[in-house]
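J.: Here are the chains, one letter per residue:
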Amino acid sequence: MLEVKGLNKSFGGLHAIRDVDFSLPEGEIRGLIGPNGSGKSTFFNLLSGVYPVDSGTVEVNGKDLTNAEPHEVAGAGIARTFQLLRMFTEMTVLENVMIGYHNHVQYGPLAGVFGFGRVGREEKIIRREMMEVLAFIGLEDFADIPASELSIGQRRLLALGRAMAMKPRLLLLDEPAAGLSPVNVDHIMAIIVRMKEKFGLTVVIVEHILKVVMETCDRVSVLDHGVKIAEGLPQEVRDDEAVVEAYLGREMDDEEVKRAIHA
Amino acid sequence: MQNFISGIAGFFTRLKSIHPLLPWGIALVVLLPLPQFTVNNYQVYLINFICIMIILATGLNIVKGFAGQVTVGHVALYAIGAYTSAVLSTKFGMPFYVNLPVSILAAMIAGVLVGIPSFRLEGAYLALATLAFAQAVEVYIRVTNYLGAASGIGGIKAPEFFGYSLRKYDDYFYLVMPIMLAAVYASFAILRSATGRAFMAVREDPISAASMGINVRRYKLIAFVMSAFYAGLAGSLYAHMLPGYVHPNNFTVIEMVTVLLMVVLGGIGNIWGGVIGAIIVTIVADITREYYFYQLLLFGAVIVGTVLFMPKGIGGIIDRYFVNRRFIAAREETAEVKRGIVGGSPDESSG
Ligand SMILES: Nc1ncnc2c1ncn2[C@@H]1O[C@H](COP(=O)(O)OP(=O)(O)O)[C@@H](O)[C@H]1O
Ligand SMILES: [Mg+2]
Chain H
1 MLEVKGLNKS
11 FGGLHAIRDV
21 DFSLPEGEIR
31 GLIGPNGSGK
41 STFFNLLSGV
51 YPVDSGTVEV
61 NGKDLTNAEP
71 HEVAGAGIAR
81 TFQLLRMFTE
91 MTVLENVMIG
101 YHNHVQYGPL
111 AGVFGFGRVG
121 REEKIIRREM
131 MEVLAFIGLE
141 DFADIPASEL
151 SIGQRRLLAL
161 GRAMAMKPRL
171 LLLDEPAAGL
181 SPVNVDHIMA
191 IIVRMKEKFG
201 LTVVIVEHIL
211 KVVMETCDRV
221 SVLDHGVKIA
231 EGLPQEVRDD
241 EAVVEAYLGR
251 EMDDEEVKRA
261 IHA
Chain B
1 MQNFISGIAG
11 FFTRLKSIHP
21 LLPWGIALVV
31 LLPLPQFTVN
41 NYQVYLINFI
51 CIMIILATGL
61 NIVKGFAGQV
71 TVGHVALYAI
81 GAYTSAVLST
91 KFGMPFYVNL
101 PVSILAAMIA
111 GVLVGIPSFR
121 LEGAYLALAT
131 LAFAQAVEVY
141 IRVTNYLGAA
151 SGIGGIKAPE
161 FFGYSLRKYD
171 DYFYLVMPIM
181 LAAVYASFAI
191 LRSATGRAFM
201 AVREDPISAA
211 SMGINVRRYK
221 LIAFVMSAFY
231 AGLAGSLYAH
241 MLPGYVHPNN
251 FTVIEMVTVL
261 LMVVLGGIGN
271 IWGGVIGAII
281 VTIVADITRE
291 YYFYQLLLFG
301 AVIVGTVLFM
311 PKGIGGIIDR
321 YFVNRRFIAA
331 REETAEVKRG
341 IVGGSPDESS
351 G
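Protein chains in written order, with the numbering used here: chain H, 1 to 263; chain B, 1 to 351.
Incorrect hints may appear among the rest.
Capping the alpha-carbon separation at 30 Å, the derived lysine-lysine pairs in DSSO-like fashion look like this [unchecked claim]:
#, chain 1, residue 1, chain 2, residue 2
1, H, K198, H, K167
2, H, K124, B, K157
3, H, K124, H, K5
4, H, K196, H, K167
5, B, K168, H, K124
6, H, K198, H, K211
No lab work stands behind these hints, which were simulated from the structure alone. Note that this is a predicted model, so its numbers are computed, not measured.
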């Protein structure tokens with residue numbers, strides 16, 4: 001499904017992604033972990049076309065998407081979420097998911113003027129379908145309030161809803177549970193799994209806490225200083241010496257390391 | 001007052017549910033006898049000019065209010081529309097119904113040029129780039145003899161239909177007012193569709209919008225070209241109105257600030273607000289005409305004041321009533337859809 005070869009990206013002197021190969025079979029939930037600053041978000045930004053790559057190739061289902069523009073990547077069936085959410089705060093919750101649906105809208109940009117009947121009918125269908133998306137993530141009661149009024153947990157849900165509205169085949173989630181309490185982390189992970197099963201998705205979940213991805217992911221890849229240092233089943237990765245080292249090497253006290261890796 | 005406004009809003013909602021065009025038809029009928037209520041010819045001229053300014057401001061609102069692109073080049077597009085009509089009419093003897101579409105086309109092509117810098121520039125930098133374009137157009141007109149240079153172009157023929165010339169302001173009103181209504185309607189129709197949502201997404205967060213599949217450059221360009229359509233339309237209508245005379249002084253920075261004030265005062269991204277802003281500002285600008293050079297100061301100060309103390313403008317105040325209603329209506333619609341989901345597939349409502 002996703003085939004990344006020899007990916008490199010530097011910011012000035014900082015080598016943020018270094019010779020990363022990444023291969024993902026269809027239908028897998030992959031965890032991508034690593035300490036803060038290890039290059040996980042940068043990796044997603046390269047895949048989704050937000051940053052241009054320095055070298056390397058990105059292929060999805062045999063289609064070359066190296067340095068494709070973000071909307072082209074989206075058009076190829078890849079949805080991503082952002083660590084910092086990037087909601088459209090002045091738009092309503094429903095309008096936020098409707099943006100996700102944008103590429104599936106049938107009528108043209110100027111159809112509103114002459115084809116109001118057609119636009120009206122299609123808008124009604126879109127609205128219904130998007131309400132189903134909101135029902136799936138449990139935000140249907142908030143459809144018409146501005147996204148700015150949502151709590152952080154609700155925003156994380158909305159990020160999933162916006163991605164779901166895109167009807168993607170590959171889902172890239174950047175810290176989908178960041179800032180949530182443990183109960184809400186479990187809740188959102190459960191929704192991700194349900195989403196994956198219902199729509200037959202392939203998923204990559206970025207996390208900096210290993211524990212979060214342990215139960216959810218089929219396999220886990222580990223980044224450190226932009227280098228992929230390990231890959232395998234969750235238990236293998238957890239016991240990998242390089243991985244423990246990577247987490248230990250950071251400025252964390254023992255408690256934090258324990259929590260990050262085992263807990 | 002509150003009951004009155006929300007009463008009107010409710011009335012329009014009901015009309016629209018009968019047919020989407022019904023409220024517009026009624027507005028047309030209500031406005032038709034307007035010239036009969038004026039005391040002199042000048043007032044009719046002013047009403048016509050207000051209609052033209054509403055078209056111009058609505059166009060600016062699309063690109064600036066909805067798509068969030070800070071352009072100062074809008075008046076230059078208006079000038080291009082007006083001068084295209086002036087040249088076609090006086091040098092080539094072309095009639096209005098040819099000049100109007102050609103002027104709109106010329107403005108749209110220029111709109112592409114103004115829009116291209118928006119691919120790379122944002123905010124103040126985009127404002128500077130478009131300002132440079134506007135200044136270049138104004139200076140070019142001022143020094144080009146073919147375009148009448150500093151003395152302008154006179155003798156532009158009034159539109160003629162079936163041998164009847166719309167030479168009087170009263171007659172011109174019946175041309176410009178329906179066009180204005182159609183233009184405002186069209187902007188509503190487009191901005192309430194997926195296109196309007198895409199504009200807003202581009203304004204709020206272009207990276208997020210792009211990652212969700214919106215071709216940001218395409219929609220920026222659509223916004224610029226749409227707004228140029230409105231500017232060209234307004235320019236051509238202005239040129240063909242009595243006295244059939246265009247002058248570079250009609251298209252300066254002062255005019256740009258004036259149009260900007262209409263949009264800001266009305267409430268950025270609020271079409272009705274922009275219409276009300278256009279009416280108020282055109283009337284105030286007319287009253288203070290003798291202090292033309294102080295207008296820049298006055299209008300600039302009002303823009304800053306509005307942005308600081310009333311960021312949603314007049315439209316924001318009205319919206320508080322309208323939106324409340326819309327909110328209730330949307331809620332009801334949502335509830336209906338939800339009942340559909342629950343009733344339709346019970347397996348989905350659990351969990
Ligand atoms: N746009 C950028 N400009 C400069 N440096 C960046 C930029 N984006 C990320 N970085 C740097 O790249 C490194 C990796 O960052 P990031 O991918 O965000 O890490 P992670 O998501 O794993 O926490 C960090 O050192 C960060 O400071
Ligand atoms: Mg990150």
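J.: Could you run down the list of hints and mark each one as holding or not?
T.: Each hint tested on the structure:
no.: 1; hint: H:K198 <-> H:K167; result: 11 Å, holds
no.: 2; hint: H:K124 <-> B:K157; result: 47 Å, violated
no.: 3; hint: H:K124 <-> H:K5; result: 44 Å, violated
no.: 4; hint: H:K196 <-> H:K167; result: 11 Å, holds
no.: 5; hint: B:K168 <-> H:K124; result: 46 Å, violated
no.: 6; hint: H:K198 <-> H:K211; result: 25 Å, holds
When each numbered hint is compared with the structure, violations occur for hints 2, 3, 5.
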